[in-house]
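There are 2 protein chains.
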Amino acid sequence: MRVLGVDPGLTRCGLGVVDGRPGRASLVAVGVVRTPVAAEPGDRLLYLEREIERWVERYRPDVVAVERVFADVNVRSVMSTAHATAVALLVAARRGTPAVFHTPTEVKAAVTGSGRAEKAQVGAMVARILGLDEAPRPADAADALALAVCHAWRGAQTSRLAALADGARS
Amino acid sequence: MRVLGVDPGLTRCGLGVVDGRPGRASLVAVGVVRTPVAAEPGDRLLYLEREIERWVERYRPDVVAVERVFADVNVRSVMSTAHATAVALLVAARRGTPAVFHTPTEVKAAVTGSGRAEKAQVGAMVARILGLDEAPRPADAADALALAVCHAWRGAQTSRLAALADGARS
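Sequence lines, in order, name chains A and B.
Just so we're aligned: the first sequence equals residues 2 to 171 in this note's numbering.
Just so we're aligned: the second sequence equals residues 2 to 171 in this note's numbering.
Note that these hints are calculated values from the structure, not bench results.
Do not take every clue at face value.
What the hints assert, rightly or not - Computed beta-carbon distance windows for the label pairs:
#1 B:S78 - A:D63: 29 to 39 Å
#2 A:D134 - B:P37: 41 to 51 Å
#3 B:R13 - A:T104: 37 to 47 Å
#4 A:D63 - B:G116: 42 to 52 Å
#5 B:G24 - A:E119: 19 to 29 Å
#6 A:Y60 - B:R61: 31 to 41 Å
Unchecked claim - One side only, chain B facing chain A, incomplete, derived with CB under 7 Å:
#7 P42
#8 M80
#9 H84
By construction, the Cβ of each residue, glycine as well, lies at the ideal position given by its N, Cα and C atoms.
Put together the whole structure using the sequences plus the hints.
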């Protein structure tokens, strides 16, 4: 299963592509899209849309996994994160690629075993899982890869459990 | 000045087009886009995008005015509102149409004289200003028209003040 993980944001949007199945994952691509802070909000979204479209066209993921954002102390940053999330959902929907959400807690738990792990620990585990020399930087890039790994592992497990349940029923 | 007001939402997105200048405003079109609650979030955004695109192509507004959303008690509804906002910004940016934000307080103050007016009062004033027999329904439609009126009045004032300031400087 190939997953594009998206850590949504307008200042920095992390993108990470992973091929994986439970217990295994390999890096395909990782990067960060930055949109110009001084630009109009709509133009920033348009720029981000074009970049995510390029990634989706190039890497053809089976699924797009997006971090589910919750309210934060900083309302403005939550809003721009939500806007970036909408762009990712739109790009996926336009291609008929399923989009799924995972919470930060699910992602941390999937890669470190603890839903309350620190950022550095997540980065270190992403590097270990994908066989990289060091944690991808910036953190948004590592987070996008962690999301992709989380979905490749959890999503596949869920599908397998569903298949087992189907088998048990038939 | 022709303004498309957008009261963003996925369950109901109010759209209202007004031709106006300070003290004057006339109704061009009003409506509400509803997206299927059971559909995937991305598909709902795609549907909304197509509808807003149709409105922008048909009515060719000079400006798109969007309600600025703040955090709410209901995080999920704020997120879907923010996603709908992103769609409106994207559609406007793609056509090179400026998009502006107004807060609910600004909108209420523009049409009723009070930033703390009730919904019913806003609807009643929108009807009076636009010469309608009754307040447009649902409230999202009335709110979209109020936004458009607000921008046609305030936006024009701002531009006029800027022009005066330019004149004074030259």
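Using the beta carbons of D63 (chain A) and G116 (chain B), state whether their distance is inside 42 to 52 Å or not. holds, 49 Å
At a threshold of 7 Å, is the proposed contact between P42 (chain B) and chain A supported by beta-carbon distances? Because about 5 Å separates P42 (chain B) from the closest Cβ in chain A, which is inside the 7 Å limit, the hint holds.
Hint validity - H84 (chain B) Cβ closer than 7 Å to any chain A Cβ: holds, 4 Å
Do the Cβ positions of Y60 (chain A) and R61 (chain B) conform to the proposed distance bound of 31 to 41 Å? Once the Cβ atoms are compared, 37 Å apart, the range 31 to 41 Å for R61 (chain B) and Y60 (chain A) holds.
Just tell me: holds or violated, for the beta carbon distance of D134 (chain A) and P37 (chain B) against 41 to 51 Å? Roughly 47 Å apart at Cβ, these two residues keep to the hinted range, so it holds.
Taking 29 to 39 Å as the stated bounds, is the beta-carbon spacing between S78 (chain B) and D63 (chain A) within them? Holds, at about 30 Å.
Is it true that R13 (chain B) and T104 (chain A) lie within 37 to 47 Å of each other by Cβ? Violated, at about 27 Å.
Tell me if the beta carbons of G24 (chain B) and E119 (chain A) are separated by a distance inside 19 to 29 Å. 58 Å Cβ-Cβ, so the 19 to 29 Å window is violated.
Hint check: is the beta carbon of M80 (chain B) less than 7 Å from a beta carbon of chain A? holds, 5 Å
Hint compliance for this structure: hints 3, 5 are broken, all remaining hints hold.
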